[in-house]
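With the hints as extra help, turn the sequences into a complete structure.
So for the first sequence, the working numbering puts the first residue at 199; every next one is plus one.
Please note that a few of the clues may not be correct.
Derived SDA-like pairs: lysine to any residue, alpha-carbon spacing no greater than 20 Å straight-line [what the hints assert, rightly or not]:
| hint | residue 1 | residue 2 |
| --- | --- | --- |
| 1 | K264 | D220 |
| 2 | K249 | E218 |
| 3 | K212 | K264 |
| 4 | K217 | E271 |
| 5 | K212 | G248 |
| 6 | K286 | G243 |
| 7 | K228 | G243 |
These aren't lab readings, by the way, just hints derived from the structure by calculation.
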Amino acid sequence: MGRSPCCEKAHTNKGAWTKEEDERLIAYIKAHGEGCWRSLPKAAGLLRCGKSCRLRWINYLRPDLKRGNFTEEEDELIIKLHSLLGNKWSLIAGRLPGRTDNEIKNYWNTHIRRKLLSRGIDPTTHRLMNEPTGTQKMTTISFAADDQEQKIKIKSELVETMSKEEKDHEIQERCPDLNLELRISPPHYQENQLDHNQRANSLCFTCSLGIQNSKDCSCSSKNSNGNGCSNIISMNISGYDFLGLKNNGLVLDYRTLETK
DNA sequence: AATAGAGGCAACCGCTCCTTT
DNA sequence: CAAAGGAGCGGTTGCCTCTAT
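Right under this line is the structure:
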């Protein structure tokens, strides 16, 4: 039952990687591709744990990595994504080509946290540190799938402490010409081809949007490699950028990034 | 010039979720 | 179906470099 251990810990190197180890790992992956980290160290002639090889490759040796300082645009994008996703570094990294989760996590802890604190913003909550908790005005629009009809119910949700009237006013103020009628559905399958779980795990979406007075609208989803689908879906509606986060099944939470 | 402290970052640890047996 | 491993993730550690004294 089960499998054999991934590596013999007694005979594996730890700590900083040598140039020779790097070269061996690069050569092996160039020849055989990524994957099967468990068997890779032995096959590549490395006295390392597979986990260590994977980390070294992903965080340091991958050819598509963008080395060097973060730009101001990247800084702001990280801050926005963090306000939406929290410490989901891998998801954040998925939106920044050439950057790794580890790199972003380190950068956040060493630079951005301090930057936000100097602006008087709590880096955990993204609220002004002297702002009373009851006055926060964050707009969250949730799109929840109806299991039976595959239609999306749209509900607007603001901070708990706001009254219904305040919430309604807030939405109107933020998106004055929006009258959303949004449907999100798995693009490639017939309804009867998927069971509920498959639908729930299908992360590719097409969106049809009916918007009154819409000027432009685009929607896309990308995975961490930047070419497929993921838990994050971005939309631009009438100049407002929205980021959607998939929760359970086809439940999405969209938050405006206020880039208009 | 020596040294202590701070900052930065690569790497490790331990956990969770998913897959395999 | 249960147990164990694999893969991936976020948190933490420890080492190296830089800077102030």
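Hint check against the structure, violated hint numbers in rising order: Hint check: 3, 4, 6 fail, others pass.
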